[in-house]
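Since chain A is already given, all that's left is putting chain B on it; use the hints.
Protein chains: 2
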Amino acid sequence: MEIRFAPQGVVGQAAMGETILAAADRAGVAIERVCGGRGSCGKCRVLVSGALSEPTASEMRHLSPQELAQGYRLACQARALSDLDVTVPDASRVAGVSILTGGIANHYPIEPWVTRHTLAVPPASLEDPVSDLDAVQRIWAREGRGGLRPTLRAMRALPAALRDRGGEITLVQVDGELVDIIPGPPTGCLLGIAFDVGTTTVVGYLLDLESGQELAVASELNPQTRFGDDVVSRIQYAGERPQGLDELQREIVGALGRIIRETTAQAEARPADVLAVTIAGNTTMQHLLLGVSPAHLAQAPYVPAITQAVSLRAGELGLDAHPDAHVWVMPSIAGWVGGDTVGVLLATGICEQDELALAIDIGTNGEMALGSRQRLITCSTAAGPAFEGAHISCGMRAADGAIDAVQIDHAVRWSAIGGSAPRGICGSGLVDAIAELLRVGVIDPRGKLLEPAAVSAAGYSALAEQIRGEGRHRAFVIAPGVQLGQRDIRELQLAKGAIRSGIEILMKELGVGAADVRKVYLAGAFGNYIRPESAVAIGLMPRFRNAELTPVGNAAGSGAKMALLSRAARARAAALPAQVEYLELSGRPDFQEQFAEAMLF
Amino acid sequence: MEIRFAPQGVVGQAAMGETILAAADRAGVAIERVCGGRGSCGKCRVLVSGALSEPTASEMRHLSPQELAQGYRLACQARALSDLDVTVPDASRVAGVSILTGGIANHYPIEPWVTRHTLAVPPASLEDPVSDLDAVQRIWAREGRGGLRPTLRAMRALPAALRDRGGEITLVQVDGELVDIIPGPPTGCLLGIAFDVGTTTVVGYLLDLESGQELAVASELNPQTRFGDDVVSRIQYAGERPQGLDELQREIVGALGRIIRETTAQAEARPADVLAVTIAGNTTMQHLLLGVSPAHLAQAPYVPAITQAVSLRAGELGLDAHPDAHVWVMPSIAGWVGGDTVGVLLATGICEQDELALAIDIGTNGEMALGSRQRLITCSTAAGPAFEGAHISCGMRAADGAIDAVQIDHAVRWSAIGGSAPRGICGSGLVDAIAELLRVGVIDPRGKLLEPAAVSAAGYSALAEQIRGEGRHRAFVIAPGVQLGQRDIRELQLAKGAIRSGIEILMKELGVGAADVRKVYLAGAFGNYIRPESAVAIGLMPRFRNAELTPVGNAAGSGAKMALLSRAARARAAALPAQVEYLELSGRPDFQEQFAEAMLF
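Residue numbers (the working numbering), protein chains in the order written: chain A, 34 to 634; chain B, 34 to 634.
Source of the hints: derived by calculation from the structure; they are not laboratory data.
These numbers come from a predicted model, not from an experiment.
Any given hint could turn out to be false.
[Unchecked claim] Derived Cβ-Cβ restraints for the label pairs, each shown as a range:
hint, chain 1, residue 1, chain 2, residue 2, range
1, A, S266, B, P219, 33 to 41 Å
2, B, D167, A, V545, 26 to 34 Å
3, A, V545, B, P156, 32 to 40 Å
4, B, T220, A, R259, 34 to 42 Å
5, A, T151, B, A611, 23 to 31 Å
[To be verified] So these bits of chain B aren't anywhere near chain A, every CB distance computed over 12 Å:
hint, residue
6, G42
7, P145
8, L152
9, I172
10, G221
11, E243
12, G290
13, A302
14, P418
15, G451
16, R501
17, Q516
18, R520
19, A548
20, D549
21, Q625
Glycine included, every Cβ here is placed at the ideal spot set by N, Cα and C.
Just chain A, same shape as in the assembly (with noise of 0.2 Å):
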């Protein structure tokens, strides 16, 4: 059944009896909550109408029968029982930038890397005085099992765990490795935390691994921020100062490490309590993470240091977890397409698929890739941050306050995120606006601007009167404040000409054209929130009649998500990068031709 999220103005899909906060997760709709969704906190009010499942105790606690005739209930609470229309009140969204927390995920099994398994051993004695190892290993092997292979610290934890309960132990084991045991029977849940770690923003999703249920959500800006807003000034700053590396490698993992003591502690779980790790982030930032030097990907021949997926442990990498959980590093394309379009690619299934699809994944690069199961091809080119509300005069992020919607006939209409005042636009907004005043004609096929006289003789007098000032410096009054310039729209065609000239020069290289394309994913906080219509209108797309156009949300972290549940999933991923080819658009001669044109709207 179907869930349309309002203000987001996202139609979700959810299972009869499916809570309303699981499918607005799945949905990319970030709902507050700070108990995991357990009930216990109340954060996560929601304003329904539709067939509901009866109120629970904790709706009951939290909310007042006013409220609950209202159509007031608690997203985790509440199980659709029909198609729904949700609004989520200010108070119940995530705090800060929205940043997409969900996305699709095709269909591995549930079957984690981090488990478990609870052993009663029997006592050394006189006549057998084996060593606690030993003892635990005999019981491990009779169970038709390999080999145990401790950390030093499950070492250290054995001769006391083996004594507290009479000999039963849960043993602890990431990829094989003994990592922990514990006394008793198993505690708790298996914790392990996926992390999308961009440019811009950091998204952590915290899993139990046995369930596959998400506990908890956090994010944040991107620290390395303070060192330089793009990762080509990041790879300056790494390379031109002594300690440059390290100061951008501790500002990241001190990141991560934050939003593990966010969500653990929203899950009453603690730090240590986490055991396996994955990260998916473009080439340069998982390069900043791991602290090697990106230095080679800013110049031709853009070469990564490391492609290959890499596993190591939290402790080496100084990350707040289990000393001993295992973090795993998304493989990477090449040095400008990396283990975010990885995940991507993962969590669309492109891969696996017969038809021809395009992923399109627009952050400050544009990255996509174009094919099938048979052949695969990606490529990056430099967007630049227009999209991201950055270089637009009166630009901002999707946050309260973003126009992120707008519509224009005689008059102009737009809604702002929040419900609130207008403070700026975002990318949505701007596509839309553009559109729009491309189709009444406000703007000329080669982006200029008209003066108002040339639009009032079209019969838009009512949008003449909104255009300021002269030539370079003319510039259209969306609502009040809000302004978009001559130089916005010239930073708009750059960036969405780079994308154009990357979907045109992928097709050039299959042999395909528009129409052969039966699938697109528009993946990331923009492609999940743009209008498709206005994405054609302005070019940044050709029109694929014969596509089905879905909103992926954050499909990296998705990647991420997968990759921490299943072995199959990460297997899948550490092997998907030998599968796709890769294709450098600088090297290409008919690129910048493509690009001029596809600046034109």
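This is chain B only, laid out in the frame that chain A set:
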């Protein structure tokens, strides 16, 4: 050919043309050197008679013509061309406690687990933008080699190393793990260090892993001694204080680090150059080093936490070596038969021989092994520290001023280590003295020191004058200020009784007599210096009339060196405990009986 070392009284073997230093090291005669035996420090001067190679340039530089004429040579330069008599002057003996740093060694090929390989890696290009690691692995695979498993540090070193010398790099691997990547061809030695971690003394042998050459030796009193002289008091300390185990662990790791710094400085290298470490110690010392509680070793059924070999990274232990160096800790056989005994078994090779052999390693505890390739049994007896000079009124370690040999007819003759005035008596002197006093009848077979009158009556009036005091306070004066009291004799009776009853029970268990034994190996400092006739005279061991007696010096240390230099030797050591039986004497009703009898002379 034979080399007789004075004042040690040790006879070593040398191949034609071998240096005196090499023969001395093997024989367990500690000769000072600071340069690692390269002829640059001039510290190893010895006085030699016999045929030698011509003086080298280094000897010309360090010795005057007069000294050369007198017979002074540098032990690291002079090569044996005949049997030799070598006197090691005080100044050339290793300073401080006299510790055996040599020992015998079985023949295993040198095949270290640290290796290095040089590769030429072609640069990446826009057409082939391969990552640094993949570029290296491609060349590596082309040479028919398997996967490379780089540590995080190696990954971090890669980008700069690859570009420093036009793609020529040297890969350094430890047990197949890629721990370092160095620009250009190999430089310097590959270093490893083997440790014998005794309850009282710690010795480290720094080896060139490719040549097998010993570059430096250093030793230190085990700093845990300040928390208790013996194993049991340290187990108590670890168990009773909240931080006790941590303290003991830090102390021993600190001592190993100091020895690494000292030996690497001697060899003009750095601690970070040490890539492999082996550890042989008794079971408790190995537990304390790992920070694993030895609490259950102190009470029946005397269960260790760990007996199998342990391999970990130096960084995990906090050891001052290359952080990714592998530390390999010998396996143990039981709670009181540890990795040091495994080292003795490996070095003597008695598990590979068809002949019945006995190995005895006497320290604070006496570990012994009897058997052959077919069947081998080990046990441990609490001899106490009498043979190390402790609990003996004038007892001292085998250091300068210790009486280490005694002969008595009508007068007492003695020699003291270092040729200086006697300050006390060490184990071998003690055994000599009691054997001689028994022979002339000053001590009776029950261990009683006779009255002067009785000694006089037996015709030893000069010896009678050396007897002082009465009853339990009676004592025999050996040298000015050094006397042997009635209680000292009782201490020695307990110690030798423990060893002897262990030997008897092992023989009984195997169903053999002393005449069946073909080889006896005496390990440890005491075993190296004791006069076998005296040991038999006091009943420490039976007369093995058909056996060859071999002092094998620090055989535990030799075993650790072998495991360091040879994968095959290390694998053999790891497999040894499964082949060896352990006899728990405290579980045997006949032990107390045997012990009571063995206490008599």
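Which hint numbers does the structure go against, in order from smallest to largest?
-> When the structure is compared with the hints, none of them turns out to be violated.
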